[in-house]
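S.K.: Chains A and B are the protein sequences, given in the same order.
Heads up: the first sequence begins at 1 in my numbering, then just goes up one per residue.
Heads up: the second sequence begins at 1 in my numbering, then just goes up one per residue.
Check the hints yourself; a few may be wrong.
[To be verified] With a straight-line cut-off of 20 Å between C-alpha atoms, the simulated EDC-like cross-links for lysine to aspartate or glutamate are: (1) 158/A to 33/A; (2) 158/B to 33/A; (3) 47/A to 318/B; (4) 37/A to 76/B.
[Said to hold, decoys possible] Sample of chain A residues with no beta-carbon within 12 Å of chain B, all distances over it, derived: (5) 30; (6) 55; (7) 118; (8) 149.
Think of the hints as simulated: they come from the structure by calculation, not from any bench.
All residues carry an ideal CB built from backbone N, CA and C; glycine is no exception.
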Amino acid sequence: MKKILKTLLVFAVLILFAGSAWAAVGCSLNDPDRDVKRIFPESTGYKTTFVTIKEKGGEALKKEIEDKLKDKLEPVYESIDVPYSFYIILKGKEAIGYIHGVNQKGKYGGIQLIVATDTKGKIISFYYQKMSSPEAGKFMDTKFTSQFNRLTLDDFIKGNLSMNDPSANSPEDFRATLRGLKKNLILLELLLQK
Amino acid sequence: MKTKIIIISLFNLIVLSGFNKFAYSGESFFYKEINLIGGYSSRDRWIDKNGMMNSSVGFEFYRKYSGDYGDFLTADLQVRAAYDSTKNSRQAWGAEIHNAWLEYKFSQYAKIRGGHFAPSFGLEPVLDTHSTLLQTLAEQDIGFNKDWGIEMRGSFPKFDYEAGLQIGSGMSIRRQDDSYLATLRIGTPQGRNLQGGFSLLSGRTLESEGMRTFPKNKLLFRDAVNKKRVGLDGQYLYGSFLFKGEFAYGQDNKNDVLGYLTEIDYTLPSHQNIEFELQYKSWINDIHTNSSDEPTLTLGATYKLNQSTALRAAFLHDFGMMDIRPEDRFVVQFYFLGA
Numbered sequence: 001m002k003k004i005l006k007t008l009l010v011f012a013v014l015i016l017f018a019g020s021a022w023a024a025v026g027c028s029l030n031d032p033d034r035d036v037k038r039i040f041p042e043s044t045g046y047k048t049t050f051v052t053i054k055e056k057g058g059e060a061l062k063k064e065i066e067d068k069l070k071d072k073l074e075p076v077y078e079s080i081d082v083p084y085s086f087y088i089i090l091k092g093k094e095a096i097g098y099i100h101g102v103n104q105k106g107k108y109g110g111i112q113l114i115v116a117t118d119t120k121g122k123i124i125s126f127y128y129q130k131m132s133s134p135e136a137g138k139f140m141d142t143k144f145t146s147q148f149n150r151l152t153l154d155d156f157i158k159g160n161l162s163m164n165d166p167s168a169n170s171p172e173d174f175r176a177t178l179r180g181l182k183k184n185l186i187l188l189e190l191l192l193q194k
Numbered sequence: 001m002k003t004k005i006i007i008i009s010l011f012n013l014i015v016l017s018g019f020n021k022f023a024y025s026g027e028s029f030f031y032k033e034i035n036l037i038g039g040y041s042s043r044d045r046w047i048d049k050n051g052m053m054n055s056s057v058g059f060e061f062y063r064k065y066s067g068d069y070g071d072f073l074t075a076d077l078q079v080r081a082a083y084d085s086t087k088n089s090r091q092a093w094g095a096e097i098h099n100a101w102l103e104y105k106f107s108q109y110a111k112i113r114g115g116h117f118a119p120s121f122g123l124e125p126v127l128d129t130h131s132t133l134l135q136t137l138a139e140q141d142i143g144f145n146k147d148w149g150i151e152m153r154g155s156f157p158k159f160d161y162e163a164g165l166q167i168g169s170g171m172s173i174r175r176q177d178d179s180y181l182a183t184l185r186i187g188t189p190q191g192r193n194l195q196g197g198f199s200l201l202s203g204r205t206l207e208s209e210g211m212r213t214f215p216k217n218k219l220l221f222r223d224a225v226n227k228k229r230v231g232l233d234g235q236y237l238y239g240s241f242l243f244k245g246e247f248a249y250g251q252d253n254k255n256d257v258l259g260y261l262t263e264i265d266y267t268l269p270s271h272q273n274i275e276f277e278l279q280y281k282s283w284i285n286d287i288h289t290n291s292s293d294e295p296t297l298t299l300g301a302t303y304k305l306n307q308s309t310a311l312r313a314a315f316l317h318d319f320g321m322m323d324i325r326p327e328d329r330f331v332v333q334f335y336f337l338g339a
């Protein structure tokens, strides 16, 4: 017991100097090299950049994101100090598109939604990097994910969405997918393109 | 004493104050780490460590280097100042270098890495166990989680590969008795709900005690152990469950050895910041000898306060081996990793 108290005392002193606490990284690609080449076969490289809502605009930007999303950002998983990873896809020196992923709370656990767009924000490809659901196969099927191709943030804001829930018993995950994709496109626009 | 002062001063200067402004600057991160562990063991009574993991403060610096044509170099440095209250005050502090590598990308198919990183064998290279109370088989199987050397890796549409050549010493930089470690792992791409890998290992590894890089951890034997291994590993995500498994078979000198691990992780759907883990792990030092088995059963829980901070607890039952009596251990952990 004495050694535990001794250890805690030492670390308590150190923690006093530790300063403010910001969050660890958000959703990043497991293997960007493979994903970039698969989605943008003409690409010659990509550049990774990390951006937070806090450094880009703070509380005012958070409010703007929430207004567009028509929902509050969840304080534990969507705090403004989470750095988002953006992949700027290059052909030579020229940017030809972006890839960006977000975490989204699903019915059974975390969902990771990855979206690739052209430089104007039109979806070229969408896939789940992680999908915690007994019906994951139905969601991850390209018959479902390809229905989002060619959509833009405007389509999500105006509700121009015609796809149906592919699952039998997981409407929460369908709604989570729509929210996550919309959030992804909002963050792309406001954190990277603006 | 001099070493202790240098380590503490370095961490106070670098980690705990001055680097805040470099938290993330577009291409890089600088994270602070605090890892506090305490518990009770039926064998050792009050403890402030779990296995080889001590309470520590540290940092991680991660950076992508890019030019006009994109990313070409990645660097990662993850260091801890660890405190071991069982040692006298002169020896209580030590520096642990966990990740310390530079990786240059030739193409999607070929990247070369040099420094300190996980050997290309089993679950360890595809799981982040840096902070977790539940560990893979690596400690029993290879003797350490990370080693110094070089590695080539790449990804193809249907599979990933990685092949490493390391010095066989683990945390400390030392080479003797012709030590080395050669490993190869071929696996399915990460990001699938069902993943698997096949691994091979050949080497002469040194056996040491503790996780310290500076001052060097204690070398248990002067002679290296001849190791040969073949391994299989897999993970399957189904709903709120994540199943993990690992199996290794081979030789340590002339003994036939075998180890396996099974683990089930369950995320509470209603409170997804709470996870439970159940792991059964066994390592048999000589399959032809009775009572050479080292099985452990661990029940763990994780509560994430936010994306930076987690509270963990684990109850471990070590079934004991030969003349070592069984142990029950309860450990709690406070873990923070953030800018």
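S.K.: Just double-check residue 149/A for me: nearest Cβ-Cβ distance to chain B has to come out over 12 Å.
M.R.: Per Cβ check, residue 149/A is outside 12 Å of chain B; nearest 20 Å; holds.
S.K.: Need the status of pair residue 158/A, residue 33/A: alpha-carbon distance at most 20 Å?
M.R.: violated (34 Å)
S.K.: With the threshold set at 20 Å, check whether the alpha-carbon distance from residue 37/A to residue 76/B stays at or below it.
M.R.: violated (24 Å)
S.K.: Going by Cβ atoms, does residue 30/A stay more than 12 Å from chain B at every point?
M.R.: violated (4 Å)
S.K.: Grab the minimum beta-carbon distance between residue 55/A and chain B and tell me whether it stays above 12 Å.
M.R.: Its Cβ does come within 12 Å of chain B, the nearest being 8 Å, so this is violated.
S.K.: Measure nothing beyond the straight line between the CA atoms of residue 47/A and residue 318/B; if it is 20 Å or shorter, mark the hint as holding.
M.R.: Given pair residue 47/A, residue 318/B is violated - Cα atoms ~48 Å apart, limit 20 Å.
S.K.: Does the alpha-carbon distance linking residue 158/B and residue 33/A stay inside the 20 Å limit?
M.R.: Holds, at roughly 13 Å.
S.K.: Just checking, residue 118/A versus chain B, shortest CB gap more than 12 Å?
M.R.: holds (18 Å)
The structure fails hints 1, 3, 4, 5, 6 (numbered hints given earlier, in ascending order).
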